[in-house]
Amino acid sequence: MSSDVVIEIKDLSYTYRLTEKEALKDINLEVRRGEVVGIVGPTGAGKTTLCMTINGLIPHSITGGKLEGEVKVLGMNTKEHTLPEIARKVGMVFQDPESQIFGLTVLEDVVFLPENLGLPEEEIERRLKWALNAVRLNGYEERFPYQLSGGEKQRLAIASLLSGLPEILILDEPTSELDPIGKMEVFDVLERLKKEMKMTLIIVEHNTEQLSRICDRIVVLDKGQIVLAGNPKEVFSEVRFLQRIGVRPPQTAELGELLKNTEYFNEYDHPLTVKDAVQRLLRIFQKRRPKKARATISPSGGQKPGNGETVIEAENLWYIYESESGERKIALKNINLKIRRGDFIALIGHNGSGKTTLAKNFVGLLRPTKGKVLIYGEDASTMSVKDIARKIGYCFQNPDHQIFSKTVKEEIM
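Position one of the sequence shown corresponds to residue 1214 (the numbering used here), numbered consecutively onward.
Simulated from the structure, these hints should not be mistaken for laboratory data. Each hint should be verified, as a subset may be incorrect.
Claimed, not checked - Result set (PhoX-like, lysine-lysine): computed pairs, CA atoms no more than 25 angstroms apart in a straight line: (1) Lys1542 to Lys1604; (2) Lys1568 to Lys1604; (3) Lys1238 to Lys1292; (4) Lys1551 to Lys1568; (5) Lys1488 to Lys1396; (6) Lys1223 to Lys1285; (7) Lys1342 to Lys1411; (8) Lys1342 to Lys1542; (9) Lys1407 to Lys1446; (10) Lys1223 to Lys1279; (11) Lys1599 to Lys1551; (12) Lys1407 to Lys1396; (13) Lys1302 to Lys1234; (14) Lys1573 to Lys1546; (15) Lys1411 to Lys1446; (16) Lys1342 to Lys1279; (17) Lys1285 to Lys1302; (18) Lys1436 to Lys1446; (19) Lys1407 to Lys1285; (20) Lys1342 to Lys1302; (21) Lys1573 to Lys1542; (22) Lys1599 to Lys1585.
As the list claims (entries may be wrong) - Label-pair restraints from in silico Cβ distances: (23) Val1598 to Glu1338: 35 to 43 angstroms; (24) Ser1274 to Glu1537: 29 to 37 angstroms; (25) Glu1537 to Pro1393: 30 to 38 angstroms; (26) Ser1274 to Ile1543: 40 to 48 angstroms.
Beta carbons are placed, not taken as given, at the ideal position from N, Cα and C, and that holds for glycine.
With the hints as extra help, turn the sequences into a complete structure.
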């Protein structure tokens, strides 16, 4: 194994226990130090399984399956070295952040790893500040994880891994819970890790636009096999092939595919960035300038509200989170809202803007700090969660939080 090669996979195949279908088949892959590799593929292609063979969860934690071939990480054969040995060098951020948040507060979670490494207090403090700053969680040290939005929890999970300064960082859908700004900021962090720390990154991600920006190489999996690999330009120019197997290429590459074989686009040189696409399109549109059009905004603000009875009403609703140290955060401020029978309402806003907090106040999972919520005209403060649940169904962000039975039939009945 060359000193530059930090991950070496030879003839890797894996079949989970009690199944016959191979999750991975004949995988051969090398990753060099400081390289950023993006892994894409349709659901069930084997992306997460591949990541778990690299960080040692397979075979040490997920047992009973059939593992063939060899995986070496920083010279360590993952079959022969223990999970703690591998974890010191390889960090992994999972798709569901709640599966790896253990601290009672943000601070406790981020310092957990460096404290267990026995680092000096000054170094722990330095890593804490750096990791929180990297993921936009400055000032959140005393917050409880349950007070965080889904996106904030994902950023906390990333910060907790960064505090250990692993040589290799694996990220399994790291931005799946983030708003567009949050996604961009996480990838900005990853780009700094690449440029400033020369960290090796393995990123499983559906956001091919961001992958094309940061990755040195893209690996495409389908049905457990590597079906395409190369630099982002090479891989994402194969638009038709990617679409056929269920991978969404960057939208700029799709545009290039539609306009290929024209004066400014060809089959093997699709634009990967908006800047590149705009520059090419401007040259086309300069010849054919469309007439100026003016957009108008409806004074009604969109779809007219339903005319039925009011089913949910918020009156001067406030909600304030309070940490153990007494820190207060205003999550909702003077909300006044009516939802009528037949309305189709969307709550939008950036991570941490209060969307989930408002929804939980509607169903009684949280109770207003000030103001009130009315359900069919009845003050929700006089109703139990059970009473409200008979009238309002609530689907959580993580479906695992509300699935309790062993089978689909038992769950539904």
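A quick look at each hint next to the structure:
1. Lys1542 to Lys1604: Measuring from Cα to Cα gives roughly 30 angstroms; hence the hint is violated.
2. Lys1568 to Lys1604: Cα-Cα ~20 angstroms, so holds.
3. Lys1238 to Lys1292: holds (18 angstroms)
4. Lys1551 to Lys1568: Satisfied, since the Cα-Cα distance of roughly 15 angstroms is no more than 25 angstroms.
5. Lys1488 to Lys1396: Status holds; Cα separation ~19 angstroms.
6. Lys1223 to Lys1285: holds (9 angstroms)
7. Lys1342 to Lys1411: Roughly 20 angstroms separates the two Cα atoms, so the pair holds.
8. Lys1342 to Lys1542: Distance ~20 angstroms between Lys1342 and Lys1542 Cα, so the pair holds.
9. Lys1407 to Lys1446: Roughly 19 angstroms separates the two Cα atoms, so the pair holds.
10. Lys1223 to Lys1279: holds (15 angstroms)
11. Lys1599 to Lys1551: holds (22 angstroms)
12. Lys1407 to Lys1396: holds (17 angstroms)
13. Lys1302 to Lys1234: The hint is violated at about 31 angstroms.
14. Lys1573 to Lys1546: Given pair Lys1573, Lys1546 holds - Cα atoms ~15 angstroms apart, limit 25 angstroms.
15. Lys1411 to Lys1446: Given pair Lys1411, Lys1446 holds - Cα atoms ~22 angstroms apart, limit 25 angstroms.
16. Lys1342 to Lys1279: violated (43 angstroms)
17. Lys1285 to Lys1302: With a Cα-Cα distance of about 12 angstroms, the restraint between Lys1285 and Lys1302 holds, given a limit of 25 angstroms.
18. Lys1436 to Lys1446: Status holds; Cα separation ~23 angstroms.
19. Lys1407 to Lys1285: holds (22 angstroms)
20. Lys1342 to Lys1302: With Cα atoms ~21 angstroms apart, Lys1342 and Lys1302 stay inside 25 angstroms; holds.
21. Lys1573 to Lys1542: holds (16 angstroms)
22. Lys1599 to Lys1585: holds (18 angstroms)
23. Val1598 to Glu1338: 35 to 43 angstroms: Hint holds: Cβ distance 41 angstroms, inside 35 to 43 angstroms.
24. Ser1274 to Glu1537: 29 to 37 angstroms: holds (32 angstroms)
25. Glu1537 to Pro1393: 30 to 38 angstroms: 32 angstroms Cβ-Cβ, so the 30 to 38 angstroms window holds.
26. Ser1274 to Ile1543: 40 to 48 angstroms: Holds - the Cβ-Cβ distance for Ser1274 and Ile1543, about 41 angstroms, lies within 40 to 48 angstroms.
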